[in-house]
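The hints should help you fit chain G onto chain Y, whose structure is shown.
Protein chains in written order, with full-length UniProt numbering: chain Y, 1 to 613; chain G, 1 to 317.
No lab work stands behind these hints, which were simulated from the structure alone.
Incorrect hints may have been included.
[Said to hold, decoys possible] From the structure, some residues in chain G lie toward chain Y, with a derived Cβ separation under 7 Å:
id, residue
1, 215
2, 225
3, 234
4, 313
[Stated by the list, open to error] A few chain G residues that don't get close to chain Y, going by computed Cβ distances all over 12 Å:
id, residue
5, 64
6, 98
7, 165
Since we're looking at a predicted model, the values are computed, not measured.
Don't be surprised by glycine CBs; every beta carbon is placed ideally from N, CA and C.
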Amino acid sequence: MTELVKVCDLQVAVRTGAGVDVPIVHGADFSLHKGEVLALIGESGSGKTTIALSLMGYARSGCHIVGGSVQVDGTDLLTLSDSKLTKVRGRTVSYIAQSAAAAFNPAITIMNQVIESAMIHKTCSRKEAEKKAIGLFRELALPDPEHIGERYPHQVSGGQLQRLMAAMALITDPILVILDEPTTALDVTTQIEVLRAFKKVVRERNTTAVYVSHDLAVVAQMADRIVVLKNGEIQENSLTKDLLIEPKHEYTKSLLSAMKPESRQDTATQTIMDLETSTPLLEVRNLEVCFEKDKRVLQDIDLKIRRGSTVGVIGESGSGKTTLARSIVGLVEPSLGNIYLDGEALNASASGRTREQLRRVQYVFQNADTALNPLHTVEDILARPLSFYHGMKGQKRRDRVAELLSLVHLPDSIAKRRPTELSGGQKQRINLARALAAEPDIILCDEVTSALDTVVGAAILELMADLRQKLKVSYLFISHDISMVQAICDEVVVLYSGFKVEQGAGESFKRPPFHPYTQLLIDSVPEMKQGWLESTGANHEALPKIAPEKANVVLCPFLDRCSVRIEGKCNQVIPARKKLEKGNQIFCHHSFSNQKAQEIEVEKQPISQLQSV
Amino acid sequence: MNKTVLRLIINRIGLGILTLWIVSLVVFFITNLLPGDAAQELLGQAATTQTLDALRAKLGLDLPLYVRYFHWLGGMLVGDAGTSMVNGIPILQLIWSRLPNTLLLAAFVTLVSVPVAMFIGIVSAMYRGSWFDRYINILAVCAVSVPEFLIATIAVLIFAVKLGWLSALSHIENAQTFGEMLKVFAMPVLTLCSVLVAQMARMTRAAVIDQLSSSYVEMALLKGASPIRMVLRHALPNAIGPIANAIALSLSYLLGGVIIVESIFNYPGIATLMLNAVSSRDMPLIQACAMLFCFGYLVMVLIADISEIVSNPRLRK
Chain Y
1 MTELVKVCDL QVAVRTGAGV DVPIVHGADF SLHKGEVLAL IGESGSGKTT IALSLMGYAR
61 SGCHIVGGSV QVDGTDLLTL SDSKLTKVRG RTVSYIAQSA AAAFNPAITI MNQVIESAMI
121 HKTCSRKEAE KKAIGLFREL ALPDPEHIGE RYPHQVSGGQ LQRLMAAMAL ITDPILVILD
181 EPTTALDVTT QIEVLRAFKK VVRERNTTAV YVSHDLAVVA QMADRIVVLK NGEIQENSLT
241 KDLLIEPKHE YTKSLLSAMK PESRQDTATQ TIMDLETSTP LLEVRNLEVC FEKDKRVLQD
301 IDLKIRRGST VGVIGESGSG KTTLARSIVG LVEPSLGNIY LDGEALNASA SGRTREQLRR
361 VQYVFQNADT ALNPLHTVED ILARPLSFYH GMKGQKRRDR VAELLSLVHL PDSIAKRRPT
421 ELSGGQKQRI NLARALAAEP DIILCDEVTS ALDTVVGAAI LELMADLRQK LKVSYLFISH
481 DISMVQAICD EVVVLYSGFK VEQGAGESFK RPPFHPYTQL LIDSVPEMKQ GWLESTGANH
541 EALPKIAPEK ANVVLCPFLD RCSVRIEGKC NQVIPARKKL EKGNQIFCHH SFSNQKAQEI
601 EVEKQPISQL QSV
Chain G
1 MNKTVLRLII NRIGLGILTL WIVSLVVFFI TNLLPGDAAQ ELLGQAATTQ TLDALRAKLG
61 LDLPLYVRYF HWLGGMLVGD AGTSMVNGIP ILQLIWSRLP NTLLLAAFVT LVSVPVAMFI
121 GIVSAMYRGS WFDRYINILA VCAVSVPEFL IATIAVLIFA VKLGWLSALS HIENAQTFGE
181 MLKVFAMPVL TLCSVLVAQM ARMTRAAVID QLSSSYVEMA LLKGASPIRM VLRHALPNAI
241 GPIANAIALS LSYLLGGVII VESIFNYPGI ATLMLNAVSS RDMPLIQACA MLFCFGYLVM
301 VLIADISEIV SNPRLRK
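Same shape as in the complex, but just chain G:
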């Protein structure tokens, strides 16, 4: 690590914080544009103006928007995301009860999809134009273009309804043994992987092919290197930057964008929490979830950037 690398990394972190701040503005003001507020939602259609005003004053909803923004932002900075408007439970507590589940699902998907995608990408790059490459290509395009709710529904239809091997809903609290865990996670993981693997494998393939056409890989060939050595020793280290970016982009989606999958399998993760918050107009919860997704996304991109910086000797030394 030297000064240049440190400067680059600090630069990236600074940019991340700036992005997060801009997102906080957007999230806060956009959610306040939504019709209706928590007071209305709590008191229902029959509420009078007086009771609404009283509740608004109690909840602090009568203050000007920018004042509420600074209260909210200040709270977020010290780790206090406020309390839920619907049930009065601290938001942090709500999130903590769901976050481990989402992270667990993300971890499972990552463990399965990354090695499979790398393997498929590298092999199809090495044998580009072969039947393997072509079939994998067709399969990948299909997997990317089929919407995940369809894959999820078909998976439920086959494995839960027809074969009866798995439960259609993910009862995570039942998963005590490894076998039970496998049963609970099989379908959500399968659904998410089928989309992610295809994306990551395509990107890996492109990055590796780009390197394989370089002069130094030809040079390695003329030094008598085997195809495996050419790819693993010469092409891959130079492809890490683009591959890490592709993986990070794909995986960042796991931290928030899996709403459809979580809701189809009724998986108790962050995404379903946010979904419920939207339907009950629980603004602080929506805002906290959105910020969390954005944070997760930025962390992934930051990791990709740093791994690219560190894998490049021009920047490292």
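Next up, chain Y with everything else stripped away, as it sits in the complex:
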């Protein structure tokens, strides 16, 4: 077989303000055969996107390609003029961007954007292009393929946009397609649908593709060959099956091991059981939050967090997990229910709470980049809660800042720096230290590792476990990653569109049975083996047919997606909360047991009040 794409000694550099070139890709060599899918994998800053973009002869502003060659179908793209390059881009090589939501122009209809490259390169008439686009929509399993193109980007979901972008890339039948982290921004359950759609069109059309990702498990499903990058250098270039079984390079091994979260359950579990009868540190009772009128984003939430324990909350985007945390700290006022700290009811709004109450419950925001003021030094950031909650000043405060920094394993010297001068992992540590400065009893962690690379994220989790041992703080740990949550949490709550669908000990999430939604989440987490995408049960078979739902009645929220729904039951009445034999409480009609499950009626009988909606 001939090589379709051949990259030789590619070098890319960033030009700094002083006019000095700092190399970010140091001589990359790799090649692709026709029909092959090659993955570029590495952490942020490894140069994977930079290399992928240079396959289109493009470097983002500030970067420029210094040397080497990029041969695509016999032409060296790096020798072409700008006007020749525009003829290659979108025609010979096309691109699928990371965030489809940002890469679609909000002011133009989807169809016009999908067929734009065909129009620019005049590969066919508008009519033919539209027909072809509709065909692609159908292949990519998009709903209503005939008319989805008439909509604007904000009118379709993120997973659909990502697939529409694939149609956009394939409309000109390019020789090479570049997929740049196309599923990173999606929920696992959506990711699996998009991956299946991508894989189908790539296989059917025998497309040659470069797949950029940080996620080895995803890449294992898509790629024939994997190139592992670190700091702009290729560490390893192996066939996927070889790399997964027998990684040659040390770095690949560390990546593989960081992908598997270790179980960090320690002695804390034991003490919690002993304390079962005492007052929980924090309790959420019958919480309901409405946005606007009658738009419930959370309902009927009960939750207890005991001293020194970690409670995990998982669910996909829009499930209400962040709203839950925000209502606990008083940033969102619930429409019903109460929050108790040590048995004492807290005011619904943060402004109505005492300073002491505020101090005891701290929040760590998801994105340290936006949570830390870029104009303040690290010392300013940490000193603020120290003077606010503890009235510290002068030398005492400086000493405490140094103490906090060492607590999160950062050097003293960092105190004088500003957040923009720190790495992502360092910023997240400062974010955590800021919460610790208040000496809280409980820290609400909102997706604290999801913006970080796997290895860096694993280190943050390590640190949090360490702090829990040392300081006996409790955590409410919000995440979309079920494997991580079950590994580190004593108790796990699964949210689905504002309902608590399952709750139980972290341990019990290791073996079935589960609520059907939990099952779907677990099945959707990519596994580090080839062929997982085809074999996993998630979203695979057709859903059982049921009659239309009874109108004006609140039913199981998962009804539309449930693979085990029952005609005459699930579409008629709301399920009760039941206790499974293994101890988990689920919100489902099934009891997943041969023996008759002991149904427990919920104390406050939410059904009557829900049905009145």
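Relative to chain Y, chain G alone:
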């Protein structure tokens, strides 16, 4: 057009009316704080208290302030702005004799400045950092920072005094042919444009650059779009909101704020009318002019808001 858009537009119009009402309060009461009144101005220094009181009673100036406000506001609402205290001519008539001139000047300036500003803004955004962008930038900063009376005076000095091509005063009544029109309008338009173009071009440049750094413009580049297509098809439609606002703000100034330019060239527009009214303490005329300027300003802002709403598909559909 759907309900959301209609609701938004009605909302904006409602806000405009509210603003206009607040402005009417401010205008009326502030002008009444000015020392002296029309009775004094008409009768001069030698007037006795009795004659002043008699004239005040005749003009209705002896009524309490709030009563006069409601009379005035009621009159404005039915299109009767009262009569001039100085010469007894209905104010509406005075304004109608001047308004077309101001609108004509505004139209000329708009026709020249908007396309030039858009062009300069877009080109300098496309080639940002180039020599063109830098020189235009320097020129724009100079034009914005030089006061317009200076530009006007220099223009008169060069074109009227030294070269003798144009007349220093705008005798609008002489302008019969197109060539004469050009001569009359050249200097006022030039002066106003030099300030407006610079402002609008800077705003357009910023709005377009903001869009050019977005992911979807990068995506267009990677689809093989030419630079012109990237700007015109992808960046510009999303920049219309901010650009329309910038243009509307700049142009609203033409409907009232051109006092200096009108008076230097002795151009018979609304602004000189108001200026004369101030010097003769003709309160009803001042008030009517101020309300007219505010109205013009609000209309421009409303147009900008609506064009932003309509250009945004998130609101449109």
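Earlier hints that do not hold, by number: none
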